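Here the protein sequences line up with chains A and B, keeping their order. If you count by this note's numbering, then the first sequence holds residues -15 to 249, one letter each, in order. If you count by this note's numbering, then the second sequence holds residues -15 to 249, one letter each, in order.
Calculated directly from the structure, the hints in this document are not laboratory data. No experiment lies behind these values; they were computed from the predicted model shown. Do not take every clue at face value.
One copy or two, it doesn't matter: identical chains are merged, so the pair holds either way.
Stated by the list, open to error - Below, computed lysine to aspartate or glutamate pairings styled on EDC-like, alpha-carbon distance capped at 16 Å: (1) LYS119 x ASP25; (2) LYS67 x GLU45; (3) LYS51 x ASP232; (4) LYS67 x GLU175; (5) LYS160 x GLU45.
There are 2 protein chains.
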Amino acid sequence: MVNIESLRKKVIEKTKMQIKERLAGKEVHIIKAVNTLEDLDLVFNMLFEDVRDWYSLHFPELFRLVKEPEKSLALIANLTLRKKFVKEEIVKYYANEEVAAELEKKAKESTGADLNEEQAKVIIQLAEKALELKKYRDMLAGFIEKEMQSKLPNLTKIAGPLLGARLLREAKSLQKLAFMPSSTIQVIGAEKALFKHLRKGTKPPKHGIIFQHPLLRKVKRENRGKMARALANKISLAIKEDYFGKKDISDKVVRELEEKARLLS
Amino acid sequence: MVNIESLRKKVIEKTKMQIKERLAGKEVHIIKAVNTLEDLDLVFNMLFEDVRDWYSLHFPELFRLVKEPEKSLALIANLTLRKKFVKEEIVKYYANEEVAAELEKKAKESTGADLNEEQAKVIIQLAEKALELKKYRDMLAGFIEKEMQSKLPNLTKIAGPLLGARLLREAKSLQKLAFMPSSTIQVIGAEKALFKHLRKGTKPPKHGIIFQHPLLRKVKRENRGKMARALANKISLAIKEDYFGKKDISDKVVRELEEKARLLS
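In isolation and in its complexed conformation, chain A is listed as follows (with noise of 0.2 Å):
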């Protein structure tokens, strides 16, 4: 009985380690990080939106002569009010002197209504939560760049670190992207497309998430399907290398698939 006791224990041991083991080092984390990553990037926009709405009760023109979001928040964070939308301030955040000069102008005929302190803080406030989450996300693109490098340096050179990493979230293992058949690849994300194909005798689909490769946006459209085909080989290709070899074969399949989507376009 001590020995069975004893046995169980050591068992249990040894499992819990190799479920530490199986984790530990493990692809997962680039999984983990993508979908905060798409989580941060709705949340930036809904908190954008919301600034926008909220800020234009006091300043309305001026979302529409700064049109990048990041931009007109960090104005607003860093200027706060209208009254200080002076031109030499503009600049240090929006480096065009055309449109400060404007902003500017624009800043003093308002038709805006003025905000009391307490109005102004939780609109400055929420700017900021904003621009920071824009800051962790950008790091977090960072994080994610350097694991798909030193994981699967042959797809990230060849599919960019994000859709990598997307495909790899789709696939939900590296092992199972590895063994996964360049047809798959090709329509991974559109599996609703796909399934209704298959159903109801529709088109197939062309392309699933590897239709934001941008050399796929260079070729004609009509030849997006032969291009999409192709990419999906080259990807294939490169995960291969990356998990079963090791050599890097990204520049010479970079530059056939920059001629092809020539020949394509």
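Once you've looked at the hints, dock chain B against the given chain A.
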């Protein structure tokens, strides 16, 4: 001609002033704030889920023992890694000796994987970001409460600041809210069910967003319609008093409503 031109300028000037005044000090800030508050609640939940998903790789037992999102985030942000989860540190952020002792034990025998420095950094910072947003959210709730108390003291006392602010948001302005019949107040926020009732003759909705009122959840299920009607009546009364009169009728009304709820529970 000179006269017409100067007249034109004056009229434009006057219109601009009117637009400004229309917004200044109005309840519109309450509406923007309550929209933002709802977004922030959503955002906090999203980020908490991300932290939980991710940190569970390292210390899954934490979330089984600590159910409150804020508490587990505070523990992660301050204690960082599992090995720092010792009782005397834990109780600083989670004042429950028993759970703290259990947490220390679980931390020692956890099946979670170790994190490297980079991984720990991004997760811990995510927890910090979520907590900072929560802090801002609570500050914003305080802003709403203060604004509501100064503009709609009776409504705030009777419906609570957040429910009151949401009613105001649904009505779009204080004036519209003040002229709203109590039957509308009763079902506002349940427009989908209301129009289905009008179109298809389904049962009319018993309550819209006033369902959030704590008294409504105290009464028996079959009495909820009655209680909702009484509540909407009194809320309507309170809003009219806030808008037209300025008397404090809240104590009396709250007493009457509590009596009603007692009878119906």
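Against the structure, the hints:
no. : hint           : verdict
1   : LYS119 x ASP25 : within (11 Å within a copy, 21 Å between copies)
2   : LYS67 x GLU45  : within (13 Å within a copy, 53 Å between copies)
3   : LYS51 x ASP232 : neither (41 Å within a copy, 47 Å between copies)
4   : LYS67 x GLU175 : neither (53 Å within a copy, 42 Å between copies)
5   : LYS160 x GLU45 : neither (51 Å within a copy, 28 Å between copies)
When each numbered hint is compared with the structure, violations occur for hints 3, 4 and 5.
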